[in-house]
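Protein chains in written order, with my numbering: chain A, 685 to 820; chain B, 685 to 820.
Think of the hints as simulated: they come from the structure by calculation, not from any bench. Among the hints, a few may not be true.
To be verified - Beta-carbon label-pair distances, calculated as ranges: (1) Glu819/B <-> Gln772/A: 27 to 35 Å; (2) Glu819/B <-> Asn713/A: 15 to 23 Å; (3) Pro746/B <-> Gln772/A: 31 to 39 Å; (4) Lys722/B <-> Gly758/A: 25 to 33 Å; (5) Ser718/A <-> Val721/B: 19 to 27 Å.
Said to hold, decoys possible - Selected chain B positions facing chain A (Cβ under 7 Å, derived; list incomplete): (6) Asp703; (7) Pro705; (8) Leu711; (9) Ile730; (10) Thr733; (11) Arg735; (12) Gly782; (13) Gly809.
Note that the structure is predicted; figures quoted are calculated from it, not measured. Cβ coordinates follow ideal geometry from the N, Cα and C atoms, glycine included.
Protein chains: 2
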Amino acid sequence: MKILGIEHIGIATDNLDKDAPFWKLLLNNCEHISEEVKEQNVITEIFDTGRGKIELLEATSPESPIAKFIEKRGKGIHHICLEIDDIQQAINELIEAGVELIDKTPRIGIEGYMIVFIHPRSTGGVLVELAEKPEN
Amino acid sequence: MKILGIEHIGIATDNLDKDAPFWKLLLNNCEHISEEVKEQNVITEIFDTGRGKIELLEATSPESPIAKFIEKRGKGIHHICLEIDDIQQAINELIEAGVELIDKTPRIGIEGYMIVFIHPRSTGGVLVELAEKPEN
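Next up, chain A with everything else stripped away, as it sits in the complex (with noise of 0.2 Å):
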């Protein structure tokens, strides 16, 4: 497998409204969008740096695991994603390696790239994506 490069960090947050002028002044010379994503009962604000996107994400949902996991830790660093090249051949070498993985096959996830999440039992306490560019 290989790491192309950091693909985005997602940060928790239970007011889009309160949080997102901090990162729109802060990041005010980066492409933005807003995407909700429904699977996922989320709606969202990314910011693409270039190298690397910062995603606001917000539950719409208590059932969200933005909500689950804001009433656990407060709001703040869900997780990180790193784009990587292959991501069976990542998810074959992983479970041969012992990591625990939270979904075992990829699904589709924000922007059409195929995702799988890494338990962070296995990294350190760091909740771990792995993405798929759709077109590769």
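Given chain A's structure and the hints, the job is docking chain B onto it.
For chain B alone, kept in the frame of chain A given last:
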């Protein structure tokens, strides 16, 4: 101010020997160095993906910010660092906008960057480091 990209993600660990092997496996194609930063009482393992670095940080003293963070929050992501074109200009603009900085003047960080930290109170719970490359 102009953000040039995600410079690194800082991850707090209480045991590099235990936690580094996962990252070495995942980031096996990335350049990798170790560095001790005496002023911050940490030893680091730094992996460069080419689009942002992953920095594992272990405290060498109970006085280290990393030791204090782990005591309060547990191990995991400690901060994110964004590369900026002009750190003094960024400090001026952020103070002008009422953003709370931990440092009022830049100091020297890992790899000789000029750095400043923004307080999580101003960012929605994220410790944000800004860094200007030494050769800029």
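List of violated hint numbers, smallest to largest: Of the numbered hints given earlier, those the structure breaks are 1, 3, 5, 7, 9 and 12, listed in rising order.
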